[in-house]
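Here the protein sequences line up with chains A and B, keeping their order.
Letter 80 of the first sequence, counting from 1, is numbered 80 in our numbering, and no numbers are missing.
Letter 401 of the second sequence, counting from 1, is numbered 401 in our numbering, and no numbers are missing.
Warning: the hint list may mix true and false statements.
[Unchecked claim] Not everything, but these chain B residues come out facing chain A in the computed CB check (under 7 Å):
| id | residue |
| --- | --- |
| 1 | Asn12 |
| 2 | Leu15 |
| 3 | Phe334 |
| 4 | Val335 |
| 5 | Gly426 |
[Claimed, not checked] Under the rule of at most 20 Å between Cα atoms (straight-line distance), these lysine-lysine pairs were calculated in the PhoX-like manner:
| id | chain 1 | residue 1 | chain 2 | residue 2 |
| --- | --- | --- | --- | --- |
| 6 | B | Lys336 | A | Lys14 |
| 7 | B | Lys364 | A | Lys79 |
| 8 | B | Lys79 | A | Lys17 |
| 9 | A | Lys3 | B | Lys364 |
| 10 | B | Lys364 | A | Lys90 |
To be clear, the hints were calculated from the coordinates, so they are not data collected in a lab.
Heads up, the beta-carbon is just placed ideally off N, CA and C, and yes, glycines get one too.
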Amino acid sequence: MEKVTNDTIKHVAKLAKLEFSDEELTKFTPQMGKILEMAEELQAVNTDGVEETVQVVDRDTVFRDDVPEKWQTRDEMMKNVPDKSNGFVKVPVIIDKDDDQ
Amino acid sequence: MNYLNETIDSLNDKLKKGELDAKQLAKDTAENIKKTDEKINAFITVDEDAKVAEDLNFDNKLAGVPIAIKDNIITEGLKTTAASHILYNFEPVYESTVVAKLKAAQATIIGKTNMDEFAMGSSTETSYFGDTKNPWNLNKVPGGSSGGSAAAVASGEVVAALGSDTGGSIRQPASFNGIFGIKPTYGRVSRWGLIAFASSLDQIGVMSKRVKDSAEVLNVIAGADDRDATVSEKEVPDYTAFLGKDVKGLRVAVPKEYMSDAVEAGVKKAVQAKIDLLKENGAIINEVSLPHTKYVVPTYYIIASSEASANLERYDGIRYGFRAEDAKNLEEVFVKSRSEGFGDEVKRRIMLGSFALSAGAYDKFFLQAAKVRTLICQDFAKVFEDNDVIVGPVSTETAFDLNSEISDPIKMYNNDILTISANMAGIPAASVPAGLSETTGMPVGFQIMGNRFDEGHVFQVADFIERSNKFYEQKPAGLED
């Protein structure tokens, strides 16, 4: 397996919408390297012709009647929003403030 | 009110006779929790104004009985954090199915217990709200991730608590705290309102000092749910009907991989004594092999982390929970809220999962792990062809020291080697106290696994062992003044 580098971690962090400081990377990169080394052990298992298992449910596609029910009110849905105004969710500008001259 | 000498039946009796008043009981329970928690920190939230059901009907065994809920299970109007900074102030506006069922059975929801952040951990040390101490020795971890529920029960703060188990998170803390804990079959209990970690493995279960109390609670929370299509429509039996039986002729498998030299001597001895006990009482003991046991840890960490990386995408800082303050644009809201809101262990799992699912790595890691999972399931199916239960230790060791493993993820992950497989195969599994380890003096858990939807045999064996050693009579040493 290729060595896990800071660049690998930065690439995956971007996919996961996370960021790590250089200081964090000095700890995190070797830890991830060791975890992936452990994951690499699975390559030793012969899985030719083996189907994958992604769930262990005893039911197939489940249907139920589509009956409308009273669920959450607008106030309830807005209750946990960290920043709001006049019943709307507030978010920062989509494009960078610096580009918005 | 302390519950060390109580059971759901004894409480039901006292409430019925008027020796206890349900409202006063809720108050006294909250008060005792606050006092005990100065030592063990088992709760994140105690509901001092816990609502007691009106018109209590004591035919409901749980009527007026205070129950604790792990803090990754949604409780309407009661703060639910999953022990994460990213949900530090989250107040649910709907009810989880299990709590709705407990309330319908007139139980009192007394509070929310501490856990590893998003149930990711084996020691309750990754909680944003501080670690929980083991009531048997305050310098030891309570295990995890349901460490708060386990310590709350072991210390007598409550008679029973709900936990969740994705790779051992009910059984290992039950083992470390000398109590009973059961992870039911995947699909036995609704996951609606359980904050998702790994959806193909997560299952809600029960923890209590006494086996019967978990049977009583499982009777209430099990069963089909329109809101969770993975729940089976199979009828729910009365689990208390499996208690009080002998084990004559019961076919008991002991996997040689579970009794290897990797298991600490005190644990092995206590577990072997219970296997001998079953044999002396007429059970048929068969040594078997689960040959893929050595691969379960990497298989689990790839699958669980992959599912977690998808499940935790929803935490974006927009609609609920923590939002970073200094974000200049929308992308920064996502990245900064997540980076500041998630703890290190959660980030490791998201990163591992994102990697395992990424282009170029998917076939080699995720798909391979999903295929090895099939082989692990086949190992179990083969053993259950000729056996009723599989038994062994829950953990290779007893509760370890606080701060001793938290900086070494691989060591921490290997804690789960004997519990993970039950989640992979979706089978029921429980931990019942075997006794105290001769080497460490800490509780040892005896694991019992059954075939899918055969919680009955698991309860039968657990109850038999409980009656033989009456471990519940022992009081946790760490709380003595």
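Going through the hints against the structure:
Hint status for asparagine 12(B) relative to chain A: violated, with the closest Cβ pair at about 33 Å, above 7 Å. At about 34 Å, the closest approach between the beta carbon of leucine 15(B) and any beta carbon in chain A exceeds 7 Å, and the interface hint on this residue is violated. Given hint, phenylalanine 334(B) at the interface with chain A, holds; its Cβ is 5 Å from that chain's nearest Cβ, closer than 7 Å. Proximity of valine 335(B) to chain A holds as hinted, the smallest CB-CB distance being about 5 Å (cut-off 7 Å).
With 7 Å as the threshold, the beta carbon of glycine 426(B) comes within range of chain A, its nearest partner Cβ sitting at about 3 Å, so the hint holds. Pair hint lysine 336(B) plus lysine 14(A) holds up; C-alpha atoms about 12 Å apart against a cutoff of 20 Å. Distance restraint check for lysine 364(B) and lysine 79(A): the Cα-Cα separation of roughly 43 Å exceeds the 20 Å cut-off, and the hinted pair is therefore not satisfied. For the proposed pair lysine 79(B) and lysine 17(A), the alpha carbon gap of about 26 Å is over 20 Å, so the pair is violated.
Straight-line distance between C-alpha atoms of lysine 3(A) and lysine 364(B) comes to about 16 Å, which keeps the hinted pair within the 20 Å bound. Distance restraint check for lysine 364(B) and lysine 90(A): the Cα-Cα separation of roughly 42 Å exceeds the 20 Å cut-off, and the hinted pair is therefore not satisfied.
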